[in-house]
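Q: Relying on the hints, combine the two individually framed chains into one complex.
If you're matching them up, the sequences are chains B and G in order. Here the first sequence is numbered in numbering that gives the first Met the number 0, starting from 0 and rising by one per residue. Here the second sequence is numbered in numbering that gives the first Met the number 0, starting from 0 and rising by one per residue.
If you're looking for bench data, these hints aren't it; they were derived computationally from the structure. Just so it is clear, CB atoms sit at the ideal spot from N, CA and C, and this is done for glycine as well. Mixed in with the good hints, there may be bad ones.
Derived DEER-like restraints, expressed as beta-carbon distance ranges [what the hints assert, rightly or not]:
1. B:Q96 <-> G:T125: 41 to 47 angstroms
2. B:K145 <-> G:P52: 23 to 29 angstroms
3. G:G81 <-> B:E28: 36 to 42 angstroms
In silico EDC-like cross-links for lysine to aspartate or glutamate, where the CA-CA straight-line distance does not exceed 20 angstroms [stated by the list, open to error]:
4. G:K88 <-> B:E124
5. G:K30 <-> B:E124
6. G:K49 <-> B:D52
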Amino acid sequence: MATYNLKINGETKNVDVDPMTPVLWVLREHLNLTGTKYGCGVAACGACTIHLDGAAVRSCQLPVTAIGTKSITTIEGLSANGDHPVQKAWLEHDVAQCGYCQTGQIMSAAALLKTNPNPTEAQIETAMTGNICRCGTYLRIRDAIKSAAKQK
Amino acid sequence: MIKVLAISLIIPGIFLLSGFVPDQTLSESIKRGKEVYTLYCQSCHMEDGKGTPDINPPVAKADYVKKPAMTLIGVVLDGQSGEVVVNGKKYNAIMAPQPYLTDEQIADVLNYIRNSWGNKISGTITPAAVKALRKT
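In isolation and in its complexed conformation, chain G is listed as follows (with noise of 0.2 angstroms):
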């Protein structure tokens, strides 16, 4: 008997991990991420993730949001200047390289971006994947 009740338990045990779990991960991720956002990346790209026109690209709905999370890790750890395509818009400012922020602080901000404002990128950018990119 005690046997059914722990297998009884076991089972959908497994299927709330591999179901829910993920998916609560990546929401207090977004949560921690747009406090994140907030503080470092908002001034230029604006609360609503449109930019500056024509001086900083939108995040919001943005190609260059679609890019592989290695890219955009690469964005915030390394920074980028020169001239930039995004939507068919050619920019040109200057994104400050922000290798200060921790490998959570990254994740959580780049998960936030990717499914904010009408974005909805799958998969979830894990601390693991920033601290693998980071040059030591």
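Only chain B is shown next, with the shape it has when bound in the complex (with noise of 0.2 angstroms):
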């Protein structure tokens, strides 16, 4: 076990866990933040994507060790009251079937977003390719990202 002070969401947390403890499981399990999603666990569905340091990545491959002095942002912490453009896109177009993906998608589509304010729409499939939606609902998020890039 080792000490861990993470930036998460703005705020400093102290956390003790194996170094090797995927960020995940310290997110569920340590701090109760459980709007990150465990999907396959191999990095290959993107339900459990996060922010470090503005960047999208899968936490359940990330050691807790890995992280250093970055600052982690989940969805939680996207924005104050759950009205990031991407957010308010996802209730207009009605985006959620099930909504266990949801969670990694929008955390992928805020990151892309932030570097590529205006993606084309094949910037957006290859953007967006690494998150698996079950329900089929591909069609809704992209168009909510659409809407989205128009919004800022």
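A: Take a look at the structure:
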């Protein structure tokens, strides 16, 4: 076990965990931030996507020891009141069906729009390829990202 | 006359087979490999192969990619964890084992990586080479 001071959603959190613990489990089990979901556990589905210094990463394959001084943003910290442009567009388009993948989808979309505020359809598809939706809401996801890009 | 004609066709035919067909095999493998990369590698190593800064190492212009084919096949089959140094920088994320990919998919994706974003590593990785390294 080792102690880590992690910058999560603007706050510093202290955790005492094994260095190889994936960040996903630190968030869910130790900090009770259960908005980030466990999907496949092998970085193949995107459900566990968080931001690390603004970049979308898969928290299930990220040992806590690799974080260092980087800041983590989870779905809980993406916006103060659930009003990030991507979140608003999500409601506008009724994107979610079962909703399990949407945390990861929203985090990936928000990271995309941060680096590329006006993505083409092809750029959206490329950036979102790693986020799988078993309900098949891909068309609504794409439309919502286009709306969010316009809002910005 | 027929003999002469036959020979005149066979000899250039052999040249064509030895000279061009392997190149075509490689270019087709690279093309298929791009699809495999997009589905299974890109979310960490990124479309441009540059990885995620300080977390997931680059595959573009990476010294690690120059390692022997056997090593690279092993990384895909067995995954990678613990500290790894790529282009002089330390990385410590986990790469999941991906033995569920077929021999051809693994060969294709490695051929794609070894020949993209400025990487130019000679030789073609074959599905047979992948098969030989699988632990049964």
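Q: Work down the list of hints and note, for each, if the structure agrees.
A: Here's how the hints hold up against the structure:
no.: 1; hint: B:Q96 <-> G:T125: 41 to 47 angstroms; result: holds, 42 angstroms
no.: 2; hint: B:K145 <-> G:P52: 23 to 29 angstroms; result: holds, 28 angstroms
no.: 3; hint: G:G81 <-> B:E28: 36 to 42 angstroms; result: violated, 23 angstroms
no.: 4; hint: G:K88 <-> B:E124; result: violated, 31 angstroms
no.: 5; hint: G:K30 <-> B:E124; result: holds, 19 angstroms
no.: 6; hint: G:K49 <-> B:D52; result: holds, 16 angstroms
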